[in-house]
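**Q** The primary structure of each chain is shown beneath.
Number of protein chains: 2
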Amino acid sequence: MDEFRSIAELFAPMALPEGEGLRDDAAFLPSGPGRELVITADAVVEGVHFLAGTAPDLVARKLLRVNLSDLAAKAAEPFGYLLTVAWPESWAQAERAAFARGLAQDQAEFGIGLLGGDTVSTPGPMTAAVTALGYAPRAVRRSGAREGDLLVVSGAIGDGWLGLQAAKRELALGGDHLAALERRYALPEPRLELQALLRDHATAALDISDGLIADVAHLARASGVGIRLDLERTPLSPMGLAWLAGSPNRGDGLEALASGGDDYEILCTIPPERVAPAAAAAEAAGLSLTAVGTVREGSGPPLIRVDGAPHRFARGSFSHFA
Amino acid sequence: MDEFRSIAELFAPMALPEGEGLRDDAAFLPSGPGRELVITADAVVEGVHFLAGTAPDLVARKLLRVNLSDLAAKAAEPFGYLLTVAWPESWAQAERAAFARGLAQDQAEFGIGLLGGDTVSTPGPMTAAVTALGYAPRAVRRSGAREGDLLVVSGAIGDGWLGLQAAKRELALGGDHLAALERRYALPEPRLELQALLRDHATAALDISDGLIADVAHLARASGVGIRLDLERTPLSPMGLAWLAGSPNRGDGLEALASGGDDYEILCTIPPERVAPAAAAAEAAGLSLTAVGTVREGSGPPLIRVDGAPHRFARGSFSHFA
Numbered sequence: 602m603d604e605f606r607s608i609a610e611l612f613a614p615m616a617l618p619e620g621e622g623l624r625d626d627a628a629f630l631p632s633g634p635g636r637e638l639v640i641t642a643d644a645v646v647e648g649v650h651f652l653a654g655t656a657p658d659l660v661a662r663k664l665l666r667v668n669l670s671d672l673a674a675k676a677a678e679p680f681g682y683l684l685t686v687a688w689p690e691s692w693a694q695a696e697r698a699a700f701a702r703g704l705a706q707d708q709a710e711f712g713i714g715l716l717g718g719d720t721v722s723t724p725g726p727m728t729a730a731v732t733a734l735g736y737a738p739r740a741v742r743r744s745g746a747r748e749g750d751l752l753v754v755s756g757a758i759g760d761g762w763l764g765l766q767a768a769k770r771e772l773a774l775g776g777d778h779l780a781a782l783e784r785r786y787a788l789p790e791p792r793l794e795l796q797a798l799l800r801d802h803a804t805a806a807l808d809i810s811d812g813l814i815a816d817v818a819h820l821a822r823a824s825g826v827g828i829r830l831d832l833e834r835t836p837l838s839p840m841g842l843a844w845l846a847g848s849p850n851r852g853d854g855l856e857a858l859a860s861g862g863d864d865y866e867i868l869c870t871i872p873p874e875r876v877a878p879a880a881a882a883a884e885a886a887g888l889s890l891t892a893v894g895t896v897r898e899g900s901g902p903p904l905i906r907v908d909g910a911p912h913r914f915a916r917g918s919f920s921h922f923a
Numbered sequence: 602m603d604e605f606r607s608i609a610e611l612f613a614p615m616a617l618p619e620g621e622g623l624r625d626d627a628a629f630l631p632s633g634p635g636r637e638l639v640i641t642a643d644a645v646v647e648g649v650h651f652l653a654g655t656a657p658d659l660v661a662r663k664l665l666r667v668n669l670s671d672l673a674a675k676a677a678e679p680f681g682y683l684l685t686v687a688w689p690e691s692w693a694q695a696e697r698a699a700f701a702r703g704l705a706q707d708q709a710e711f712g713i714g715l716l717g718g719d720t721v722s723t724p725g726p727m728t729a730a731v732t733a734l735g736y737a738p739r740a741v742r743r744s745g746a747r748e749g750d751l752l753v754v755s756g757a758i759g760d761g762w763l764g765l766q767a768a769k770r771e772l773a774l775g776g777d778h779l780a781a782l783e784r785r786y787a788l789p790e791p792r793l794e795l796q797a798l799l800r801d802h803a804t805a806a807l808d809i810s811d812g813l814i815a816d817v818a819h820l821a822r823a824s825g826v827g828i829r830l831d832l833e834r835t836p837l838s839p840m841g842l843a844w845l846a847g848s849p850n851r852g853d854g855l856e857a858l859a860s861g862g863d864d865y866e867i868l869c870t871i872p873p874e875r876v877a878p879a880a881a882a883a884e885a886a887g888l889s890l891t892a893v894g895t896v897r898e899g900s901g902p903p904l905i906r907v908d909g910a911p912h913r914f915a916r917g918s919f920s921h922f923a
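Just so you know, the protein sequences line up as chains A and B, in that order.
Just so you know, we're using the numbering used here here: the first sequence kicks off at 602 and counts up by one.
Just so you know, we're using the numbering used here here: the second sequence kicks off at 602 and counts up by one.
Keep in mind the hints are simulated off the structure, nothing from the lab.
Please note: incorrect hints may appear among the correct ones.
Claimed, not checked - Label-pair ranges, simulated between beta-carbon atoms:
| hint | chain 1 | residue 1 | chain 2 | residue 2 | range |
| --- | --- | --- | --- | --- | --- |
| 1 | A | Ala613 | B | Ser691 | 47 to 55 Å |
| 2 | B | Ala846 | A | Gly648 | 30 to 38 Å |
| 3 | A | Gly654 | B | Ala613 | 24 to 32 Å |
| 4 | B | Ala910 | A | Ala656 | 51 to 59 Å |
What the hints assert, rightly or not - Computed from the model, here is a short list of chain B residues facing chain A with C-beta under 7 Å:
| hint | residue |
| --- | --- |
| 5 | Phe612 |
| 6 | Met615 |
| 7 | Ala642 |
| 8 | Ala687 |
| 9 | Ala705 |
| 10 | Gln708 |
| 11 | Gly712 |
| 12 | Gly718 |
| 13 | Ser722 |
| 14 | Thr723 |
| 15 | Pro726 |
| 16 | Ala885 |
| 17 | Leu888 |
| 18 | Val907 |
From the three backbone atoms N, C-alpha and C, an ideal C-beta is built for every residue, glycine too.
Please model the complete structure; the sequences and the hints are all you need to start from.
**A** Written out as structure tokens, the structure reads:
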């Protein structure tokens, strides 16, 4: 959340039109007839974005994947990336080679390649940033949501956050669940198979990295619309359902799952008449879509409800999220 | 130097053709008829690339300028950039605002804007990376040097390195010299006024960031050629000449000035018949060009000479540099 505020306050006045006022995850450059070049950048710091001691190949793969997730949400086909890495002294050549192997593995997985970058040394924690590039016949921005659109998410929400707790050994769930959640946190799946669906049907989209509630607020702000989010509709995995069942308060539990982040699912808005073909396209891609709210008139903070009543936030107020 | 080795060993096999095997500072993407998009990335770490306590606006401006220097050497017109910053806790809002002001100042100076990025927190030193984009009608690569070309540098060499020592109060020179050198180190001047010259006359180019000797080696390797560098021809500023006059050994002094780095001058290769028009173009741009060597047959390490005799390296051997 700090990030969003800091960007808005410090850097938004400096943005080019192609940078969408920094209210999007990506920049959009015209690039030949009928296509745009989509560019996005994300950084990670050891001990902040990944636990110290995480296997270097997993660090590399997640860094690549969170950037590919941004491209997926823009309906862009990933092409290549630039990498800047600050190696700490504690990372010997073996760790650096493992980091490179992780990149190579996911490059092959996603059909992309390295374009350039910079490697430096740091006395601090391992820090790395990826700038990812992709091409889109029609890139989808955050700013296109219109009144009456349905608010839709792919997959299940909350597993990334549960996975972080599993990785920290702070979660009381069955062993199979723990391993699946931990993997979900370590290796998100960029929803690249939804590119065509988004291009054909979505008015706005982003990937859910900060948490469903926060990213709903980002989308509403970038589009200048109001949004009603019905938390009880949040799609949950079997692990999420099991965790929620053990949660003392259902509303607080839903809030936690919808604000933990690291989901890397797609949040998008779709006009009502497009929802049926969009759902069919998602099914063909092997992914579920769930309507979790609607785009409303106005432009205030999103209205968050649980079972038809306004949600009372366990952690202060909504402003915590936006 | 470690950087170059690490990239070559770890990452070069993963490069796209557009990334030039990572032997260049930049990647080159076709972008509409008759122009290429040139992309480059550089990272800085507090205490490694700038002294702890450096004014945040100067940190920002130098970070931007070293990236613009890369674009200048590729004959690319800068357009915009993405920024990733890891803020340390010790940087309060005032320091962050000063950093943003520095960016805004140099954005205006160079006619560029922000496209996007990411801001995160770090328990370590301030770390930031810029990915800069520019367009070129004919981008100049590192890899185009041909036998018989002259090796040419712009401006004066060594002042960046002397400036670092001045900033650390480790340099015994007159006060006026010290202030000028310190400024040279803090705020390099990207040689964007040489774009047309490079496009029209150069077969290969890069900016001198690692030091003249190291960057000659990089150019030779990327182009697959041999190079003879005559160290006594290294162009020096009045400050550089004053420092060299006080140096106990002229060869060692020249080696130090030519290996310190942070020059951000242009190193390029120009066919002999193009040198006269290139020098005229440089003069029109208010910059000097100096021939410091020639491109030779073969592909071994560069031959470094002083006053016609092979230079004996004070710091081990040439392999230290390449």
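**Q** Hint glycine 712 (chain B) vs chain A: min CB-CB distance below 7 Å?
**A** 11 Å, violated
**Q** Using 7 Å as the Cβ threshold, decide whether proline 726 (chain B) counts as touching chain A.
**A** 5 Å, holds
**Q** With chain A as the partner, please determine if serine 722 (chain B) meets the hint condition of a C-beta pair closer than 7 Å.
**A** 6 Å, holds
**Q** With a cut-off of 7 Å on the beta carbons, see whether threonine 723 (chain B) makes it to chain A.
**A** 5 Å, holds
**Q** Taking 7 Å as the limit, does the beta-carbon of leucine 888 (chain B) come near enough to a beta-carbon in chain A?
**A** Since chain A brings no Cβ nearer than about 26 Å to leucine 888 (chain B), farther than 7 Å, the hint is violated.
**Q** Indicate whether the distance between the beta carbons of glycine 654 (chain A) and alanine 613 (chain B) respects the range 24 to 32 Å.
**A** 28 Å, holds
**Q** For the hint on methionine 615 (chain B), does the least C-beta distance to chain A fall short of 7 Å?
**A** 4 Å, holds
**Q** Going by Cβ atoms only, is alanine 885 (chain B) closer than 7 Å to chain A?
**A** 30 Å, violated
**Q** Given valine 907 (chain B) as an interface hint, is the shortest Cβ-Cβ distance to chain A below 7 Å?
**A** Result: violated, 31 Å to nearest chain A Cβ.
**Q** Regarding alanine 910 (chain B) and alanine 656 (chain A), is the given constraint of 51 to 59 Å on their beta-carbon distance met?
**A** Taking Cβ atoms as reference, alanine 910 (chain B) and alanine 656 (chain A) lie about 53 Å apart, which means the hint holds.
**Q** Does alanine 705 (chain B) hold up as a contact with chain A if the rule is Cβ-Cβ below 7 Å?
**A** Holds: closest Cβ of chain A sits about 5 Å from alanine 705 (chain B), inside 7 Å.
**Q** Return the status of the interface hint for phenylalanine 612 (chain B): holds when the least beta-carbon distance to chain A is below 7 Å, violated otherwise.
**A** 6 Å, holds
Figure legend: structure checked against the earlier numbered hints; hints not met, in rising order: 1, 2, 11, 16, 17 and 18.
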